[in-house]
Structure formats: structure tokens, C-alpha cells
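Residue numbers (numbering that gives the first Met the number 0): 0 to 557.
Keep in mind that the hints were calculated from the coordinates and are not lab data.
It is possible that some hints are incorrect.
[As the list claims (entries may be wrong)] Under the rule of at most 20 Å between Cα atoms (straight-line distance), these lysine to any residue pairs were calculated in the SDA-like manner: (1) K242 x N182; (2) K130 x D88; (3) K556 x A541.
[Said to hold, decoys possible] Pair by pair, the computed Cβ-Cβ distance ranges are: (4) P208 x R61: 32 to 40 Å; (5) G544 x E369: 52 to 60 Å; (6) P156 x H195: 31 to 39 Å.
What you are looking at is a predicted structure, and each value in this text was computed from that prediction instead of being measured.
Ideal placement from N, C-alpha and C gives every residue a C-beta, glycine not left out.
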Amino acid sequence: MNPGSRATSIRGTSGSRCALVTLSILMAFGSLVVRAATLPECSPQQLAGYSPGYQEVAAHRRFELPLLSYPFDSKPGPVWGMHVAVGVDASGRPVCESHRVDYRGRPQPMNPQRESIVRASGDWRYTPFVKDGRPVEAIVDETVYEQELPKRSMPLPVIASNDVEITLDRGECLGDCPVYTVNVRGDGSVIYDGDHYVAVPLHLAYRVPEAEVAKLFDDVRRADIWSLRPSYEYDITDMPMMKLTVRMGTQVHTIKDYVGWRVGMPTIVEDIMGETDEVARTGPWKAFSADTIARLQAIHFDFASPDGAKVLVGAVRDRRVPDWWVIQLLDLGASMHVDGAGKFPFMESDSALDSALRMRRDTLVDPLIERGALTTLGKPDQAKIDAAFRAAIYGGQLKQVQRIWDAGGPRWRPSLSFDDVSREDTPKHLHLPVTFVLRGTVNAGRPSDTFAIARWLVDKGCDPKAVGHWGTTLLHVAVRSGDLEFVRYLLQRGVDPSSVKPGGDLAIMDAEDEQIALLLLDAGTDFSRTPYGRRPMRELAAGNGWKHVLQWLDAHKR
0 MNPGSRATSI RGTSGSRCAL VTLSILMAFG SLVVRAATLP ECSPQQLAGY SPGYQEVAAH
60 RRFELPLLSY PFDSKPGPVW GMHVAVGVDA SGRPVCESHR VDYRGRPQPM NPQRESIVRA
120 SGDWRYTPFV KDGRPVEAIV DETVYEQELP KRSMPLPVIA SNDVEITLDR GECLGDCPVY
180 TVNVRGDGSV IYDGDHYVAV PLHLAYRVPE AEVAKLFDDV RRADIWSLRP SYEYDITDMP
240 MMKLTVRMGT QVHTIKDYVG WRVGMPTIVE DIMGETDEVA RTGPWKAFSA DTIARLQAIH
300 FDFASPDGAK VLVGAVRDRR VPDWWVIQLL DLGASMHVDG AGKFPFMESD SALDSALRMR
360 RDTLVDPLIE RGALTTLGKP DQAKIDAAFR AAIYGGQLKQ VQRIWDAGGP RWRPSLSFDD
420 VSREDTPKHL HLPVTFVLRG TVNAGRPSDT FAIARWLVDK GCDPKAVGHW GTTLLHVAVR
480 SGDLEFVRYL LQRGVDPSSV KPGGDLAIMD AEDEQIALLL LDAGTDFSRT PYGRRPMREL
540 AAGNGWKHVL QWLDAHKR
């Protein structure tokens, strides 16, 4: 469940603890005023029906999910947050429910509060769910938020507004979570520091209306923040850590939220975090929108500065940003190049053009070149041309590789080699042909002109037999690409089929196609080159059901 689905219920943004306590007591004694008839349990057939996603459910929900509260240091079960599956008919009315297991499929303990939710689920209503143009029955997964009440109320200190501040810190996750920190002070001053996965990865200082800040701190006071635990952390990995820090004079209280709603964190914490974002106007900084440029102009941002280049490059890297938005940044004078371009030929780039080539944003390539992306002071810049050439190879489109090759004319051809730095504690440098950039192309996992580019580069002079770090060759790239003709082409040009890559793996161990594996076996792959011998090959063949490879190994006593 997405935490954003949690209902505001009865508390509003102020989080009335009295109302929550009242709700808890009423639910505990089963004395809610309105009771619906208990729904029958959903059958396996109903549970296997159409299941809309979270956003669709939220859009169709015609009621507010209730909020359950529990006394301090008590818990409803191993995991907070009650899971309820409700089967609805084509009109959106519940016809069955299932509450026996939690979101992990484990038995879900019940208590009076949770039982009241089961009884009330019959009154829930949804706008009809539509599939293939007609209303359908559906199985709706809901999670009812549960929170722990404070042990006791600890009032906030009374401090002058100019000596208070609130800081929101959103951390990284295993994904593209926006990472930034924003600080709001009582006098209306705001400091934003964007890190990564944000539209504006910069340090910005600006002001917001003091009246809005005053309301934010009034809400903080009413939320009884000082009474809450300093940490709500769920035992899970790869999620973002959020921290809310409130300073009033010399007194500071920080609340850590790591999937806190799964351990009973009061909903008011997320409310305050969200309100802090709203007051600080972080939306346009976090994600590109029509307001981002307008907001930057409002704070007199220098688009021609190095910071302007960071914004431009970030916009190019984000496929969600339309091309016209990027062009508008260019028209405002945004620099196209950040110092240090070309240092990361496989993964990242500090140039808008390089990013466009890597991301295959073809419609941006010509406008960027026309605006001087390959020049410095009006003259061709060899370093920029070389970096763009490698970016085009990484992008995996032959037409763009050829476009950059011809961009500077005969006098300014891109280099066919580059300095490759190994990723280890003591980095090693090797001067390699640019064909090695194709390993990044294959790792990107998308259709590409890998073979065509490799053949074109070999025709231009790249050595197909070059050996990189750890014994890697272009053959490893070809095998991973799954292109039989690419593999055959390299073997015909004398590439060693037994060259060993990191971890002692031969190129054949990357094969996902039996014909490629047989071709490499016939070419003389020498298993003695690897400490693992031929056994992994048998395991690979058996696991993939490659009977012809197994027959070959038996026939050759391998």
C-alpha cells in the first residue's frame, strides 16, 4: 500500500487527539452508532477477480478510510495497518470481504477495532470500476491505517516566531526517490538543498509568506509533536528515511520516519511533512512542471550559470520532461555543459548533448548542436566531440553515431579510443577502442544497433581483438547482446573465445541462446582458463534445457 492512501479521517490537519481517543474507545466497545450487516467471506474465485491498482482504487473510493488508534506501547499485531479485501459488484457496492491475512499473506490478528472495520466495510462505496469499456466486478485491496497514541502530552515551548524553524529531510531509496532537505524559518526564509532525483539539484534561498509559516507552526503545536517518539522505523530495506526536525529556541525534537506507518507512527507526522513541503513550495524543485521555470525566474535564477547547466542536464535525463521545456531552458540561456564532461563514458555525463544521445532524445540532438554543444568560443572542441561520440555509442543508435562522426567535418573526427578506468580500490587505466563503450549499451537492456555500430567502428579502425580490464573483449558484449551473427562476426576476425572476464567467467557463461553456446564451443572455448572448469557450463546448459549443448559436452568429454 502506498502511504498516500491513508485517509485524513476525523483529525483534519490539526490531528485532534481527543477525537482519536474517542474513536478508539467507541470501537473498542463496539458501540458505533451505525452498523452494517457483516459481509460474507469472498470465495477463491472472487479473490482471483479483477484487482485495480492503488491509484485506481483511490480515485474510485467514495468515502474516507477510517483511522484506528491504540494506547501507547500497545500494538494490534506484528504489523500495523489492517489489510481488508472487499469484493464489489459492477455498481461498486461491496458483496464480500476477506480479512484473514495481512499484506504479506500471514494470518492477521483481530481485535475489537479491526472487527468493527470488517462490519463497517459493507457500507463502503466505490464508483464502478471499468474494464474494456464496461463496469465490472472487482476485488479491492484496502489498508486501514493504525497509529499509536502518545504516552503523555508534552507541550511545545513558547518561543518568538523568529527563533523557530522546521527542517524536512527526505533520504534516498533503492530507486528514484527525490533526495533533498528543506528548512523553513519563522521569519519566512527558506533554504532548499536538492541532492538527486530532483528537478533542481541545487542550493536555493528564498522567502515565503510569514502567515503561512505561522500556520505551519500552529499546526505543529496542535499536533503535539513534542509528545511523539523520536523514531518510527520498520524492519525493511531499500526505502527512504525521512526526518522531521523542529527547533524552538534551544530545544530540538527530531522524528525519524522509515516506513513509520508500519510501526504505528501517528498520521500527523506525514501531515506536517506534507504541509512543510507545501509551505516551502518544493513541488517545482522536486519534479519538472510548468511552474519550475516560472519559480526559478521569480527568484532571479541565473540560467547561464553552472547551476543552470545542472538544471538543463537534469531535464534532458528525465524522459517525463517534454522537449519544448528543454528548449525553453536553452532559450533562457541555460549552459549546456558542466565542467568535467566525458569523465563517465558509460554511466553519466555532464553535458546536455551527451545526455540526449544516451537517452535517445533524438529531437534534442540537432537543437543542442546548433546552439554550440560541440564548440567552445565558436570553435570545435575535440573533448566535447569525443565525449558526444561515446555517448552516441552508448545510446545504441547507428544514425546518431554517424551524426556525431560527421558533425565536425574531416578535420574534427572523434577519437576511436578512450582512457578506460577500472572500478577497483586501485584504479587501473587502459587505452581502449570505443567499441568497449558498447558494453554499457547492452547493459541498458533495450533494443539497439549494437552489432551494426561495432561493425561500423571496426571498419573505421577499431581493433575487434582488443582486451580490456579483467580480460574482457568485444565478444563478451556480443554474447550478452544475444546476436548470433555478431558473435560469428567476431570469431571470424580472430577474437579469442576463451578470454576471461571478472570473476573468472568465460564469454560462453553469458550466453542465453543455445546456438551461441554451441558456436563458442565449436570455436574452442578453453574451460581450463577459468578456476570453475566445465562444471558451470553443464549447470548452465541443464538449467536452460540445452540438450544439444549437453550432448556436445558428453561427446567431447567436457
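How the hints compare with the structure:
1. K242 x N182: Roughly 12 Å separates the two Cα atoms, so the pair holds.
2. K130 x D88: holds, 13 Å
3. K556 x A541: holds, 16 Å
4. P208 x R61: 32 to 40 Å: holds, 35 Å
5. G544 x E369: 52 to 60 Å: Holds, at about 53 Å.
6. P156 x H195: 31 to 39 Å: holds, 36 Å
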